[in-house]
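> Each residue of the sequence shown is one higher than the one before, counting from 20 in the numbering used here.
It should be emphasised that the hints constitute simulated quantities derived from the structure, not laboratory data. Ideal placement from N, C-alpha and C gives every residue a C-beta, glycine not left out. Hints are not guaranteed to be accurate.
Cβ pair distances, simulated, as ranges [said to hold, decoys possible]:
id, residue 1, residue 2, range
1, 93, 55, 16 to 26 Å
2, 91, 144, 39 to 49 Å
3, 158, 93, 24 to 34 Å
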Amino acid sequence: MTEDVRSGVERYYSDKVREHGATHAGVDWNSRESQELRFAQLMRVADLSRPFSLLDYGCGYGALLDWLEAQGAEVDYRGYDLSEEMVARAREAHPGATFTTDERALEPADVVVASGIFNVMAGAGEPAWRAYVADTIDRMDGLAGTGLAFNMLTSYSDADKMRPGLFYADPCEWFDRAKRRLSRHVALLHDYGLYEFTLLIRKDLG
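Based on the provided sequences and hints, a complete structural model is requested.
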């Protein structure tokens with residue numbers, strides 16, 4: 020079932036980037052500004068004043084790398100995405116960085132982040148999608164050295180703003196799961212003006 024879900028996600032985002040190119044719309048965001056606002060929340064899990072390695076899990080066309088470079092971060096960046104279409108555009112835009120669609124080739128990094136990959140269910144039913152989300156978070160955790168972060172649409176969204184086919188998660192549920200299963204050090208960000216939340220999970224290193 021998980022492979023069926025992954026195939027649906029791959030098709031959805033490959034179609035998007037074919038239609039819109041390497042832009043915010045190509046990864047299904049409303050604007051570049053909101054895309055970068057999400058990056059700012061996710062990267063609170065890292066200390067940008069020090070060198071670190073990063074795995075961008077669901078990297079799209081590599082927009083997070085552009086944002087990090089604009090911040091002056093010294094980062095060993097690696098990008099992973101299900102979509103060959105996305106990775107082709109990422110490689111074209113960032114010839115010096117590493118991008119792959121082969122999850123077996125992924126190596127641990129200090130920080131692992133995912134932006135927007137849990138929103139579009141791509142035809143999956145909610146039970147299958149929830150299992151896919153939980154499995155993906157556990158995979159990210161297994162690759163993260165010091166921390167991981169991800170965002171989700173929030174179940175606290177206004178009812179008239181909710182769209183069919185999207186996954187609106189209960190932030191309290193996923194905070195509790197992270198706190199109980201992944202680390203004692205979890206932060207929930209739900210105050211940055213979008214219909215979503217971000218979880219920052221810092222590893223207990225001592």
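> Next step is simple, just say for each hint if it's right about the structure.
Hints, one by one, checked against the model:
1. 93 with 55: 16 to 26 Å: At roughly 19 Å between Cβ atoms, residue 55 and residue 93 fall inside 16 to 26 Å, so the hint holds.
2. 91 with 144: 39 to 49 Å: Given about 44 Å between the Cβ atoms, the range holds.
3. 158 with 93: 24 to 34 Å: 26 Å, holds
Taken one by one, the earlier hints all hold for this structure without exception.
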